[in-house]
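Trainee: Listed below, chain by chain, are the residues.
There are 2 protein chains.
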Amino acid sequence: MTAPTDHIDATAPAPSDGALFEGRTLISVDAMGGDEGPAAVVAGCSLSAKINPDIAFILHGDKALLGPMVDRDPHLAGRCDVRHAAGVVSMDDKPSHVVRTGKDTSMWATVESVRSGESAVAVSCGNTGALMAISTIRLRKLPGVNRPAIAVLYPSANKHGFNVMLDVGADIRADAEDLLRFALMGASYARNGMNLPKPRVGLLNVGTEEHKGRSELKEAYDLIRAQEIEVGFDFVGFVEGGDISGDRADVIVTDGFTGNVAIKTGEGTAKLVGLRLREAFKYSVLSKLASLLAYTSLRRLQRKIDPRRVNGGVFLGLNGTVVKSHGSADATGVSAAIKLAAQLAQNQFNDKLAARIAATLPVEETPE
Amino acid sequence: MTAPTDHIDATAPAPSDGALFEGRTLISVDAMGGDEGPAAVVAGCSLSAKINPDIAFILHGDKALLGPMVDRDPHLAGRCDVRHAAGVVSMDDKPSHVVRTGKDTSMWATVESVRSGESAVAVSCGNTGALMAISTIRLRKLPGVNRPAIAVLYPSANKHGFNVMLDVGADIRADAEDLLRFALMGASYARNGMNLPKPRVGLLNVGTEEHKGRSELKEAYDLIRAQEIEVGFDFVGFVEGGDISGDRADVIVTDGFTGNVAIKTGEGTAKLVGLRLREAFKYSVLSKLASLLAYTSLRRLQRKIDPRRVNGGVFLGLNGTVVKSHGSADATGVSAAIKLAAQLAQNQFNDKLAARIAATLPVEETPE
Numbered sequence: 001m002t003a004p005t006d007h008i009d010a011t012a013p014a015p016s017d018g019a020l021f022e023g024r025t026l027i028s029v030d031a032m033g034g035d036e037g038p039a040a041v042v043a044g045c046s047l048s049a050k051i052n053p054d055i056a057f058i059l060h061g062d063k064a065l066l067g068p069m070v071d072r073d074p075h076l077a078g079r080c081d082v083r084h085a086a087g088v089v090s091m092d093d094k095p096s097h098v099v100r101t102g103k104d105t106s107m108w109a110t111v112e113s114v115r116s117g118e119s120a121v122a123v124s125c126g127n128t129g130a131l132m133a134i135s136t137i138r139l140r141k142l143p144g145v146n147r148p149a150i151a152v153l154y155p156s157a158n159k160h161g162f163n164v165m166l167d168v169g170a171d172i173r174a175d176a177e178d179l180l181r182f183a184l185m186g187a188s189y190a191r192n193g194m195n196l197p198k199p200r201v202g203l204l205n206v207g208t209e210e211h212k213g214r215s216e217l218k219e220a221y222d223l224i225r226a227q228e229i230e231v232g233f234d235f236v237g238f239v240e241g242g243d244i245s246g247d248r249a250d251v252i253v254t255d256g257f258t259g260n261v262a263i264k265t266g267e268g269t270a271k272l273v274g275l276r277l278r279e280a281f282k283y284s285v286l287s288k289l290a291s292l293l294a295y296t297s298l299r300r301l302q303r304k305i306d307p308r309r310v311n312g313g314v315f316l317g318l319n320g321t322v323v324k325s326h327g328s329a330d331a332t333g334v335s336a337a338i339k340l341a342a343q344l345a346q347n348q349f350n351d352k353l354a355a356r357i358a359a360t361l362p363v364e365e366t367p368e
Numbered sequence: 001m002t003a004p005t006d007h008i009d010a011t012a013p014a015p016s017d018g019a020l021f022e023g024r025t026l027i028s029v030d031a032m033g034g035d036e037g038p039a040a041v042v043a044g045c046s047l048s049a050k051i052n053p054d055i056a057f058i059l060h061g062d063k064a065l066l067g068p069m070v071d072r073d074p075h076l077a078g079r080c081d082v083r084h085a086a087g088v089v090s091m092d093d094k095p096s097h098v099v100r101t102g103k104d105t106s107m108w109a110t111v112e113s114v115r116s117g118e119s120a121v122a123v124s125c126g127n128t129g130a131l132m133a134i135s136t137i138r139l140r141k142l143p144g145v146n147r148p149a150i151a152v153l154y155p156s157a158n159k160h161g162f163n164v165m166l167d168v169g170a171d172i173r174a175d176a177e178d179l180l181r182f183a184l185m186g187a188s189y190a191r192n193g194m195n196l197p198k199p200r201v202g203l204l205n206v207g208t209e210e211h212k213g214r215s216e217l218k219e220a221y222d223l224i225r226a227q228e229i230e231v232g233f234d235f236v237g238f239v240e241g242g243d244i245s246g247d248r249a250d251v252i253v254t255d256g257f258t259g260n261v262a263i264k265t266g267e268g269t270a271k272l273v274g275l276r277l278r279e280a281f282k283y284s285v286l287s288k289l290a291s292l293l294a295y296t297s298l299r300r301l302q303r304k305i306d307p308r309r310v311n312g313g314v315f316l317g318l319n320g321t322v323v324k325s326h327g328s329a330d331a332t333g334v335s336a337a338i339k340l341a342a343q344l345a346q347n348q349f350n351d352k353l354a355a356r357i358a359a360t361l362p363v364e365e366t367p368e
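Going down the list, the sequences are from chains A and B. Under full-length UniProt numbering, the residues of the first sequence are numbered 1 to 368, in order. Under full-length UniProt numbering, the residues of the second sequence are numbered 1 to 368, in order.
These are calculated hints, taken from the structure and not from any lab test. Any given hint could turn out to be false.
You can't tell identical chains apart in this list, so a pair holds if it fits in one copy or across any two.
Claimed, not checked - Calculated cross-link-like contacts (lysine-lysine; reagent style DSS-like; alpha-carbon spacing at most 30 Å): (1) K218 with K198; (2) K159 with K282; (3) K271 with K288; (4) K141 with K339; (5) K198 with K271; (6) K212 with K94; (7) K198 with K212.
Keep in mind that this is a model prediction, so the values were computed, not measured.
Please put together the full structure from these sequences, using the hints given.
Mentor: This is the structure:
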């Protein structure tokens with residue numbers, strides 16, 4: 001993978017030299033995933049490079065396409081190594097198919113760079129199921145983790161402006177033990193990704209009373225309660241759908257089916273409110289005038305609740321950190337995902353998370 | 001229950017007389033449930049009576065409290081019979097407790113009036129779990145229905161402005177057969193409550209591809225597909241969380257756990273967007289001025305997405321229609337729930353629904 005012929009030109013040094021990359025956090029980026037194409041990914045890398053001098057990139061994909069884009073970009077000069085990958089994972093590819101036949105894809109190479117230890121973290125806008133499948137097979141699960149999870153930041157009323165929610169779709173089910181691991185991983189993510197020393201953790205249910213809900217939730221309730229003091233988070237008990245955007249918990253724990261439906265419902269509802277807002281302002285001459293005057297306010301609102309600003313689902317529970325950027329991410333979105341990836345890498349998040357999970361394992365359980 | 005001593009005064013005739021109630025749709029209303037107290041419920045009845053000359057009420061609760069309120073109200077004169085009930089179901093009461101000890105409550109009497117055939121439909125703002133438990137025990141399930149469901153109208157981008165969603169919390173689980181019944185009941189509700197001759201029905205999942213999701217969803221997919229032509233709806237297949245507020249389906253079918261989390265997530269997200277919108281407009285002098293000018297537009301928006309305007313979860317699958325109004329409903333909210341109840345009663349919705357479910361039962365299955 002690091003053969004000299006893979007490098008785009010003489011000015012971009014091989015990472016094995018380490019000359020210009022030295023001291024920088026190396027981020028492995030899949031340039032070919034995403035609905036907006038490689039240009040949006042390269043532009044996102046450029047935005048990030050401009051703001052953050054401590055990062056550098058390995059960009060995987062069609063070298064003939066990517067090379068000229070990177071060469072033209074002043075912020076990426078000497079900080080981006082392009083590696084050729086002939087194959088591309090499409091949004092419709094089945095994960096099982098990609099795992100069998102996708103070794104030549106940019107997505108595979110992106111994950112492989114983390115597995116080999118060359119890059120600190122991976123970022124892709126591609127097919128979520130395929131990315132999770134490749135990541136699980138190549139990076140493997142952390143000792144003590146049965147199901148990995150995808151965590152996202154959801155806009156909320158709390159003072160940081162966001163809550164962590166997991167799982168939002170790595171798997172369609174979770175038992176009580178899985179939910180306990182999600183709580184531990186979510187708390188760790190809130191500590192390292194959001195700088196919350198003692199995050200509040202809530203378990204998603206259809207009511208806040210202890211007697212409510214499915215049996216695995218009641219069991220998970222007791223398991224999480226038992227770890228609360230040892231691990232140093234604040235378990236607020238059961239929370240409801242309304243708390244995902246609320247201020248009762250910083251971390252919302254649920255199975256991947258419920259979490260996936262919830263975030264898509266929330267996104268859809270926010271979109272509908274936006275649609276109705278635009279309609280309301282188009283209604284009359286006076287309301288059109290008002291919308292002109294309100295332009296700055298509405299822009300400010302849009303920035304606050306812009307999903308692109310918190311773009312990035314993080315795969316938790318693997319031997320390595322992978323950030324899944326939204327498929328439709330533009331340069332701003334890709335840049336947000338890269339910022340998150342860099343922060344997690346610089347906090348050595350995954351090492352801390354692994355240690356935390358290991359500490360909660362029974363002594364007699366020997367991790368493979 | 002219909003003893004003359006139960007009537008508030010000589011001007012309000014006994015419904016057994018039927019003199020003034022004749023030809024009117026009789027709605028049984030629980031006056032004591034809800035956070036806003038009986039005054040909001042009476043005000044809601046009054047609002048409805050003013051608009052709709054074809055309805056009359058039996059109001060259950062504390063007669064000493066309700067009597068004077070009803071007497072003072074010109075719209076309710078001769079159209080509202082107050083029945084005394086000493087007990088009140090609180091929001092914290094466990095359903096199982098209410099079923100054992102709640103025979104003297106206003107909620108029990110409200111449902112009982114539908115069971116006896118006196119009223120056409122019941123409305124309560126009280127404890128959802130208790131109302132469902134009383135309704136299930138007293139009205140009993142329709143032949144062929146294993147789990148009743150609660151259906152709500154959710155604001156959406158389709159041309160009617162709302163989608164039907166069920167179950168949103170009658171039960172925390174549903175198997176493939178239950179999901180099929182939900183599809184039949186939801187389609188029937190969309191026909192009679194929303195006047196859609198051929199509703200589009202979608203099954204909620206984490207993706208739209210046929211191979212995705214839990215096994216009971218794949219099974220339900222085939223069962224619903226098989227009924228589509230016979231029953232006369234349009235099965236659009238799997239839908240995602242974003243489609244709940246979208247225009248792909250008119251009826252969203254899911255289990256009560258997922259549905260409950262989804263609607264609460266949507267409500268919470270809409271609330272957060274509203275909060276951020278108000279903050280954005282308070283930001284500067286110019287934005288405050290803009291908000292004054294935009295006042296009418298914002299009011300119009302609020303009316304369009306106002307949950308009070310579509311207040312009312314309908315219990316489906318029982319021998320009788322029960323409408324659950326939101327616990328925090330004010331007069332406008334109660335009135336919306338009554339309007340829905342009246343429309344369903346006047347369309348003889350429950351008889352049609354029962355016939356529809358019966359028609360899909362195998363011939364060898366003899367309903368009890």
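Trainee: At most 30 Å between C-alpha atoms: does K198 with K271 qualify within a copy, between copies, both, or neither?
Mentor: between (33 Å within a copy, 27 Å between copies)
Trainee: When no copy is specified for K212 and K94, does a C-alpha distance of 30 Å or less occur within a copy, between copies, both, or neither?
Mentor: between (37 Å within a copy, 10 Å between copies)
Trainee: Within a copy, between copies, both or neither: where do K198 and K212 come within 30 Å Cα-Cα?
Mentor: Answer is within; shortest intra-copy Cα gap is 26 Å, inter-copy 37 Å.
Trainee: Within, between, both or neither: how does the pair K141, K339 come out at a Cα-Cα threshold of 30 Å?
Mentor: within (24 Å within a copy, 55 Å between copies)
Trainee: Please sort K271 with K288 into within, between, both or neither, judging by C-alpha distance up to 30 Å.
Mentor: both (20 Å within a copy, 24 Å between copies)
Trainee: Within a copy, between copies, both or neither: where do K159 and K282 come within 30 Å Cα-Cα?
Mentor: between (33 Å within a copy, 18 Å between copies)
Trainee: Can you give me the call for K218 and K198, within, between, both or neither, at a CA distance of at most 30 Å?
Mentor: within (23 Å within a copy, 41 Å between copies)
Comparing the model with each earlier hint shows no violations; every hint is respected.
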